[in-house]
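Novice: Each residue of the sequence shown is one higher than the one before, counting from 1 in the UniProt record's numbering.
Since the hints were made in silico from the structure, they are not lab data. All figures in this text were calculated on a predicted structure; none of them were measured in a lab. Just so you know, not all the hints are guaranteed correct.
Unchecked claim - The following label-pair restraints were derived from C-beta to C-beta distances: (1) 129 x 92: 28 to 34 Å; (2) 58 x 130: 15 to 21 Å; (3) 176 x 27: 15 to 21 Å; (4) 197 x 30: 18 to 24 Å; (5) 23 x 169: 24 to 30 Å.
The beta-carbon is built from N, C-alpha and C at its ideal position, and this holds for glycine as well.
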Amino acid sequence: MDPQQHPGDTAIGVCILAGGEATRLPGKLTLAVGDVPMLVRVYRNVSPAGETWISTKGTLPPEIDLDAPMVVDRWPLRGPLSGLISTMSEMRTEWVFAVAGDAPFVDAAFAARLASYAAPSLDAIVPTHDEANRRIEPLAALYRRDAFVREGLPVLLGGSGALRLVIDRLRTRFVPVQDQRVLANVNTPAEYDALRGALA
1 MDPQQHPGDT AIGVCILAGG EATRLPGKLT LAVGDVPMLV RVYRNVSPAG
51 ETWISTKGTL PPEIDLDAPM VVDRWPLRGP LSGLISTMSE MRTEWVFAVA
101 GDAPFVDAAF AARLASYAAP SLDAIVPTHD EANRRIEPLA ALYRRDAFVR
151 EGLPVLLGGS GALRLVIDRL RTRFVPVQDQ RVLANVNTPA EYDALRGALA
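Make the full structure from the sequences, and use the hints.
Specialist: Quick look at the structure:
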């Protein structure tokens, strides 16, 4: 199977969000995960799923060398919603897999699993975990590009950056994920230490 084709012939692109402030763990995307910076690890994991774009607030640090198109956020410091809209507006694939740049266990197989649910009647396929509280993971999710931009812009321009508000406006299928490790991201020094321990 061609790495960019998925069940139902759903071709997808990938948007890695790398424009956050990282106030609790400055410089986290450059921290080593194995033998490469975290953002490089995420890129290597997900890029086999399709053409991979990077959403950023500016130039990336020199130690992160990626052969990928980059889009600078048009609404700086407005959170992941603004980064996704900025980047999706430049992309051309019908579906886009959105992933955080600090999620080192998400991979192309996970994106392909979500893509297998894509259908004309849907605009989003969003993982859920912790069924008791119905927690969702909007930054390891698949979105119909034009619908996300169309429904996301009013939310963003209305002053909110909440991805949940956009998802509520989309025709969404929620997909339970049993292995919560795949959805883990790194926001604090303690979480980074735990990641290094898991990879040791």
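Novice: Which constraints among the numbered hints does this structure fail? Numbers only, ascending.
Specialist: 2 and 3
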